[in-house]
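J.: Next come the chains, spelled out residue by residue.
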Amino acid sequence: MSLTTDDVNQIAYLARLGIDHQDTSSYTQNLSDMLELVAQMQAVNTENIEPMAHPLDNIQRLRPDIITETNQRDAFQTIAPQVEDKLYLVPKVID
Amino acid sequence: MQWETVIGLEIHAQLATNTKIFSGASTAYGAEPNTQACAVDLGLPGVLPVLNQEVVRMAVKFGMAIEAEVADTSVFARKNYFYPDLPKGYQISQMDHPIVGLGHLDIEVAGETKRVGVTRAHLEEDAGKSLHENFADSTGIDLNRAGTPLLEIVSEPDMRSAKEAVAYMRKIHELVQYLDICDGNMQEGSFRCDVNISLRPQGQTEYGTRAELKNINSFKFVEKAIYGEVERQKEILEAGGSIVQETRLYDADKDETRSMRSKEEANDYRYFPDPDLLPVYISPELRAAVKADLPELPDTKKQRFIQDYHLDNETAYKLASSKELANYFETVVKQSNCEAKLCSNWVTVELLGALNKSNLSIQESPIAAPRFAELLKRIADETISGKIAKQVFEFMWNSADSADDIIEKQGLKQITDSGAIEAIIDKIIADNPAQVEQYLSGKDKVFGFFVGQTMKQSQGKANPAEVNKILKAKLKR
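Protein chains in written order, with our numbering: chain A, 1452 to 1546; chain B, 10 to 486.
In isolation and in its complexed conformation, chain B is listed as follows (with noise of 0.2 Å):
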């Protein structure tokens, strides 16, 4: 039988605040165990929970980035559970009324364009840590991260594929950063991703049973996850047997999902609206404010480079991907006055590749744009060649030189003196009789051998264009 994959996604964004949702205690990533812990986020009694204005903020960005619904009024609820790492008994989320509404986000898979719904996004807070390996019969309990603000984002379930999920997984990733709201560490948790994924036959319309696969932090788990948990269902279901909905763990170091019976019992949680905190209200003035602050989005610039610069689709589409790169090859265009072309090669190609290797980002760069636009400058205006900016980009990389000073300082500048290129042509020449005697008898390829000892002998720093016109011009006759 033909089995049709139906995937949703929840993802928990971290949003990027100084302080937790709902008391002014500190959400700084790494800090000595329980040293940000208040009375408000430990649950102590007679505490009551204040809203942080900045987290109302971003979710409302955030639901005007996906064109969402955002509801003048939403409301916060208790979702009660009993955990370890979650001291009040309840967990503050949102349930009937949630801040951002039905919305949507165009993926990109194979070429194709793909719209997949966004359900909603609720705000909510985060939980403590457990830390089970260092004790024998007991467990570790750090509260930092509890009242950590997380917006949930819910899609619907319109995904088909991994290639599908992670392209969606990713496309809010970059989303959320290009919006300053999420740092988008998934090393750190920063942002995390529940899969449901459900199997039907090709053809149906209603839903299979479905699973949900937790704790998944990178992008190639939740490929990986998926393909997996596809298997297994795709085997239960064809021996005749009926899929169990509940919430599994994926295991990255076994490649395999196992069921977390423990939290099966629990999956009552008897919502009810908070009587705590108050219905929040989102005012026109808000609304305002956070529509005038809104960056270009990614969609958007990509057009617009698509447009502008006259790049293909592909390069676009990874030049827009993030904020910081799009500033980058932009800047690299205005101050190099070079080709966009030219730019954008450069920097997908040589300069990403390199940090790539050396597993930075592009804020990491050891070249900062300026020092990188100089080097382009240098290959328009032919003074170097393009292999030999390759040597000029390493050595860059490895020192705080300008562009200029290491031509200058390794002597690559570039030979287009065509005096200099014709001794040099005019000694090969004569070195080589046999070659040339092959060349005038029609064998072409030959000319490639001339090219080649050229370049050897200037040391890649002979126009090639010069280059090429000499030697056909001398070996013409």
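Same shape as in the complex, but just chain A (with noise of 0.2 Å):
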């Protein structure tokens, strides 16, 4: 499977990446040539394997439902860039 460089624009607006568009044909070829890989990988015959959701063979541990954490907001909200009324600030968003 190839990609397009339109694919390759759509795909770094989704992760909110920022790329040089010089760069967007040799992006468009490494990520094509990735799938290709994968599309060879899927010639193998997987009927009957579990599906692997984690490369750890073990299961989650869970933990018991009891407050363990204490208000740090002061300290968190140091390293913000903006903070008012005790909110975190960001530029307008609207739906």
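FYI, nobody ran anything at the bench for these hints, they're computed from the structure.
Note that this is a predicted model, so its numbers are computed, not measured.
Don't be surprised by glycine CBs; every beta carbon is placed ideally from N, CA and C.
Watch out, some of these pointers could steer you wrong.
To give an idea of the interface, some chain A residues facing chain B are shown, with a C-beta separation under 10 Å as derived from the structure [what the hints assert, rightly or not]:
#, residue
1, 1460
2, 1463
3, 1521
4, 1529
5, 1533
6, 1536
7, 1537
8, 1540
Mind docking these for me? Both chains are given alone in their own frames, and the hints should help you get the complex.
T.: What follows is the structure, given as structure tokens:
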């Protein structure tokens, strides 16, 4: 499967990555090569093989439903670019 | 052309845990902004999510209640999109392996029972809140809600009308509260609903293009939003147009939906398994424990009420709709020793009527079940009539006094002493010779006049059955 430059631009947009337009065609080639490799692997018969959800062959540990965190707002907000009325401020977003 | 409406619902039920799904921060509602958003919730570098065991237990409980397949292992995935109230740039959710698989639920609309499929229910974390109002060029972000556990319950496109959709939504709402897994508070956003709607020509089997309505937080709005959206789509289709698959926001103030373009472009979420979380395993021990903990569910309870108390379907349905209401009713039946029919009437008509008027829930009732039972006891033993009982009920509603105290203090005790009633009746007969004449000449209707006068003279306290008996005897000559 080969990608188009439009696909690459769309993927970059979805990931919010700013890419240099000069590099688009080399990204397109590289990503297409990767998909090519995946396509080769697709040829392997995986019937009756359970998909691997995680490389560690283990199960999730659970924690009890007990409050362990304390309010550290002031510490966290010292690294925020902008704060007002205890809220993190971001450029206006409207739906 | 005749159009058929096809509706599917996605319900987000906030799970009633103490802490977040992946962190030990509190989920209490109404805290000061950002005081309950810890490093994990903020997605700071180096943090790792650890799953809350209560969340798993609650999801399994829901799955069992809708007779769904509960998967042995389920997997968390990342749903990637950018929005300021989603600090990590992805939401941890479930995609290919949800914790709850196909189940079902029976709804009742206009006396008919209909089975609605529940496609799946999966666990995910909630986002924070964006506050647009108070700032000119900025949006304020409160991340207290970020990481709050949600169970997203996805229905099959099985509903065919707004009424069915609302009945389904109500049923899920009742169920999650029955199970004690969600407080059901819609004002606080603990229970939210997205509606998928499409139209197709009557008789066609494939589905039309659907629109998704978001942000609907009441039963009334769901119904209104569906009516509006059906009309909108019908107009487009009948003018030869086609429906665009899109997300629309319901505006309750204007009672209309509008397109949410900003969400459209981001609709490619690039899900992949979250490498920070291992597959979740549901052990046979957990299954057994949850099963043992499962309460009697609304449908079973309703059937029991019909059988044990001989209630009609509608009353039984109403009383079984909430666990608290059902418990109240059963306490009243047991403690009053009255006929269940009398109890159900008083609970559903007088009590629920008064609660609705004051906007109170059954838990907030000023009259607790045992005190209410005392009142019904006095109707049953004929200390007071049903009519007087309504007055006593009023007094009880506004005070903490017992029914007996009120009856005593207000002198409302029914007059069953036939001598006393006879004296009143004798006087009325003597005072109204014209009416007596009319009655004796065959105008049976005038009998009502005498009953009315007697009740009036006795201030409603005369036993109605006794009054009838004595009047009949006295006026027969």
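J.: Let me make sure I understand: some of the numbered hints might not hold for this structure. Which ones are they, in numerical order?
T.: Hints 1, 2 and 4 contradicted; others consistent.
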